[in-house]
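Q: These are the residues of each chain, in order.
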Amino acid sequence: MMQSISVQHIVKTYSEKKQTIKALNDISFEVSKGELFGIIGPDGAGKTSLFRILTTLLLADSGTATVEGLDVVKDLKAIRKISGYMPGRFSLYQDLSVIENLNFFATIFNTTVDENYDLIKDIYSQIEPFKHRRAGKLSGGMKQKLALSCALIHRPTVLFLDEPTTGVDAVSRKEFWEMLRRLKEQGITILVSTPYMDEASMCDRVALMQSGSIMTINTPQGIVQSFKNAIFGVRAKNMLHLLNDLKSNEMVSQAYPSGIYHHVIMKNGESKEELSAYLQTKNHQQLEIIDSTPTIEDCFMNLMQENNE
Amino acid sequence: MKQFFSFVTKEFLHIWRDKRTMFILLGMPVFQIIIFGFALTNEVKNSKIAVLDQSKDAASVSLIQELDASRYFDVQQNLTSYKEIETAFRKGKIKLAVVLPNQFDEDLQHINKASVQLIADASDPNVASTLTNYATAVIMDFQNRITSNKKLPYSINVETRMLYNPQLKGAYNFVPGVMAMVLLLVCTMMTAITIVREKEMGTMEVMLVSPMKPQMVVFSKAVPYLMLSAVNIASILLLSVFVLEVPINGSLTLLVAESLLFTLVALSLGLLISTITDSQQAAMFIALVGMFLPTVMLSGFMFPIENMPLPLRTFSNIVPAKWYYIIVRSVMIKGLGIMGVWKETLVLVGMLLFFLTVAVKRFKIRLQ
Chain B
74 MMQSISVQHI VKTYSEKKQT IKALNDISFE VSKGELFGII GPDGAGKTSL FRILTTLLLA
134 DSGTATVEGL DVVKDLKAIR KISGYMPGRF SLYQDLSVIE NLNFFATIFN TTVDENYDLI
194 KDIYSQIEPF KHRRAGKLSG GMKQKLALSC ALIHRPTVLF LDEPTTGVDA VSRKEFWEML
254 RRLKEQGITI LVSTPYMDEA SMCDRVALMQ SGSIMTINTP QGIVQSFKNA IFGVRAKNML
314 HLLNDLKSNE MVSQAYPSGI YHHVIMKNGE SKEELSAYLQ TKNHQQLEII DSTPTIEDCF
374 MNLMQENNE
Chain E
101 MKQFFSFVTK EFLHIWRDKR TMFILLGMPV FQIIIFGFAL TNEVKNSKIA VLDQSKDAAS
161 VSLIQELDAS RYFDVQQNLT SYKEIETAFR KGKIKLAVVL PNQFDEDLQH INKASVQLIA
221 DASDPNVAST LTNYATAVIM DFQNRITSNK KLPYSINVET RMLYNPQLKG AYNFVPGVMA
281 MVLLLVCTMM TAITIVREKE MGTMEVMLVS PMKPQMVVFS KAVPYLMLSA VNIASILLLS
341 VFVLEVPING SLTLLVAESL LFTLVALSLG LLISTITDSQ QAAMFIALVG MFLPTVMLSG
401 FMFPIENMPL PLRTFSNIVP AKWYYIIVRS VMIKGLGIMG VWKETLVLVG MLLFFLTVAV
461 KRFKIRLQ
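Top to bottom, those sequences are chains B and E.
All residue numbers for the first sequence refer to our numbering, where the first residue is 74 and numbers rise by one.
All residue numbers for the second sequence refer to our numbering, where the first residue is 101 and numbers rise by one.
Just so you know, the hints here were simulated from the structure itself, not pulled from any lab data.
Hints may contain errors.
What follows is a list of derived Cβ distance ranges for each label pair [what the hints assert, rightly or not]:
{"no.": "1", "chain 1": "E", "residue 1": "Phe342", "chain 2": "B", "residue 2": "Gly240", "range": "54 to 62 Å"}
{"no.": "2", "chain 1": "E", "residue 1": "Arg117", "chain 2": "B", "residue 2": "Thr239", "range": "26 to 34 Å"}
{"no.": "3", "chain 1": "E", "residue 1": "Asp378", "chain 2": "B", "residue 2": "Ser101", "range": "30 to 38 Å"}
{"no.": "4", "chain 1": "B", "residue 1": "His314", "chain 2": "E", "residue 2": "Arg466", "range": "50 to 58 Å"}
{"no.": "5", "chain 1": "E", "residue 1": "Arg466", "chain 2": "B", "residue 2": "Ser198", "range": "45 to 53 Å"}
{"no.": "6", "chain 1": "B", "residue 1": "Ile155", "chain 2": "E", "residue 2": "Val449", "range": "52 to 60 Å"}
{"no.": "7", "chain 1": "E", "residue 1": "Ile134", "chain 2": "B", "residue 2": "Lys210", "range": "58 to 66 Å"}
{"no.": "8", "chain 1": "E", "residue 1": "Leu352", "chain 2": "B", "residue 2": "Ser198", "range": "35 to 43 Å"}
{"no.": "9", "chain 1": "E", "residue 1": "Arg117", "chain 2": "B", "residue 2": "His314", "range": "52 to 60 Å"}
{"no.": "10", "chain 1": "B", "residue 1": "Leu132", "chain 2": "E", "residue 2": "Thr414", "range": "39 to 47 Å"}
{"no.": "11", "chain 1": "E", "residue 1": "Ile134", "chain 2": "B", "residue 2": "Pro202", "range": "45 to 53 Å"}
{"no.": "12", "chain 1": "B", "residue 1": "Lys194", "chain 2": "E", "residue 2": "Phe342", "range": "51 to 59 Å"}
With a cut-off of at most 30 Å between alpha-carbon atoms, the simulated DSBU-like pairs for lysine-lysine come out as follows [as the list claims (entries may be wrong)]:
{"no.": "13", "chain 1": "E", "residue 1": "Lys102", "chain 2": "B", "residue 2": "Lys95"}
{"no.": "14", "chain 1": "E", "residue 1": "Lys299", "chain 2": "E", "residue 2": "Lys102"}
{"no.": "15", "chain 1": "B", "residue 1": "Lys150", "chain 2": "E", "residue 2": "Lys193"}
{"no.": "16", "chain 1": "E", "residue 1": "Lys299", "chain 2": "B", "residue 2": "Lys147"}
C-beta atoms are modelled at their ideal positions from N, C-alpha and C, and glycine is treated no differently.
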């Protein structure tokens, strides 16, 4: 299997006011050609630093990385030709119209909109009715579509999307991921980062990242399957009390609100009955405990807990 | 090349779409020239004066007519008694009163001596002394004409000629100054701000990842402002020649070429500023405090450099506007050719090369 992106032992630190912050702490992973690879982690996990190193915008302190076999330090120019990059912030010209932005980016990447229209057609056709509107006046979802179109206009072999769905409504987010699936079918390698755990299932493989380290790399299913602890959904009349009681119990590894239930991760294979018996003693009314299948978020919380211990 | 044009077009669109800024950039020189030309002037023109003519003979009447005819004075009131002088000043309408004694003509003809009294409102000392000087000059003129055909023993005639600016117009002084100021403001501040804006907006990030050469990005940013400056140079020159009647005595080509050279210096300074800062506010602050103030204070346009203490005089040498100001005055007002300003030109070329080298060296192909 050919590797499209290869990252080996990358370390990046920032020093600020005599304090050094490790943004990336010995990161290694590989992405195959044509893979949709997700980097999932909360804000401050180091996702943007990683993207900037891979797009040649930052230099790592140590470690090596290659994109399509090209070194991110030495082959800077070659990488800049083959990669498409969509930074986290909306970074198009707000005072130019949709079509002007697209044409401009096409020209500076030495191509024309017509030449690669087939690639962006799917995405661009959705914003085409507004093509004379200024980019600054578009809605969040439309802005993302335009930014993606601009990042794709030169038919890159590798696409770097840094938090493309942040600040976008749920419907647009779903659409956006469907677009990414279709782009993947065209053979483009896509590296995408997101703070939303629920989006992990849309990727082929994901890396869960936390404070500069990768906790695990697996397929979304693999991550869920490797989750061994018992997990329940619990609700009662007084949810706040319930959460405090759950947290103070020794059988419970973690408890946190998730939807209308509190998700409870048990330390070992403790049963529902044991938990129920404990909560009965605390006089909770309308108590309800259900079996829950672990989500990526549950896995993330659990891994985080393990890492901290 | 296509990339370059596309970038320049985009840059023009930015300027064009931001109507307010465009209006300020193109309107500023016009307003400055008009304000400096008609409002902020220390020239004295058509000052209102009162006359108390007690003799009303041929000589006194013709002297008064001469005063009235000069462009400095406007005879507003004819007084009939001394007491009225005080009242006229109190009303604040007049700045100067001229008193001619009884038998002015007779005294002049027979005892060869007559006196004129000038009473000025010295609440503004500068205006008062300027007015009395002008009035004295007119009266001396008048006297010279009478005595010209008579031989007088022992007389020294002082003949003053104001070279290059015989009418002592303030415009000769501030047109070069305004040119330096406007070019510096448009080029330095605006280039610095637009480049830093791309950094702030995050578009620089995408620009850097593109195959476009970073230097190209920077140069294509400079082109529209160079063109804007050319428009500004033209509008300032047109206004000063046709509205303020400041002549261009030297070669127009040389003047325009020197102005473009100065524009390039200002642009390269703007690029330099953009490489050392990451926020628009900081860029504006550096451009204003670091460039604009020295230009106004130390270019010799507002305050003569010769009168400054040595440290400031030395410091003024690194202010590009000082050299440009000397060049424009020499070419435009004195009518000198390139041989008269080659030293100053060389200094500007040196500054241009220095700023450009540092700016290009400092320009980062990566973030941080």
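Q: So, for every hint listed, does it hold in this structure?
A: How the hints compare with the structure:
| no. | hint | in the structure |
| --- | --- | --- |
| 1 | Phe342(E) - Gly240(B): 54 to 62 Å | 55 Å, holds |
| 2 | Arg117(E) - Thr239(B): 26 to 34 Å | 27 Å, holds |
| 3 | Asp378(E) - Ser101(B): 30 to 38 Å | 31 Å, holds |
| 4 | His314(B) - Arg466(E): 50 to 58 Å | 53 Å, holds |
| 5 | Arg466(E) - Ser198(B): 45 to 53 Å | 36 Å, violated |
| 6 | Ile155(B) - Val449(E): 52 to 60 Å | 42 Å, violated |
| 7 | Ile134(E) - Lys210(B): 58 to 66 Å | 37 Å, violated |
| 8 | Leu352(E) - Ser198(B): 35 to 43 Å | 56 Å, violated |
| 9 | Arg117(E) - His314(B): 52 to 60 Å | 57 Å, holds |
| 10 | Leu132(B) - Thr414(E): 39 to 47 Å | 41 Å, holds |
| 11 | Ile134(E) - Pro202(B): 45 to 53 Å | 47 Å, holds |
| 12 | Lys194(B) - Phe342(E): 51 to 59 Å | 57 Å, holds |
| 13 | Lys102(E) - Lys95(B) | 42 Å, violated |
| 14 | Lys299(E) - Lys102(E) | 23 Å, holds |
| 15 | Lys150(B) - Lys193(E) | 75 Å, violated |
| 16 | Lys299(E) - Lys147(B) | 24 Å, holds |
Hints 5, 6, 7, 8, 13 and 15 from the list above are not met by this structure, while the remaining hints are.
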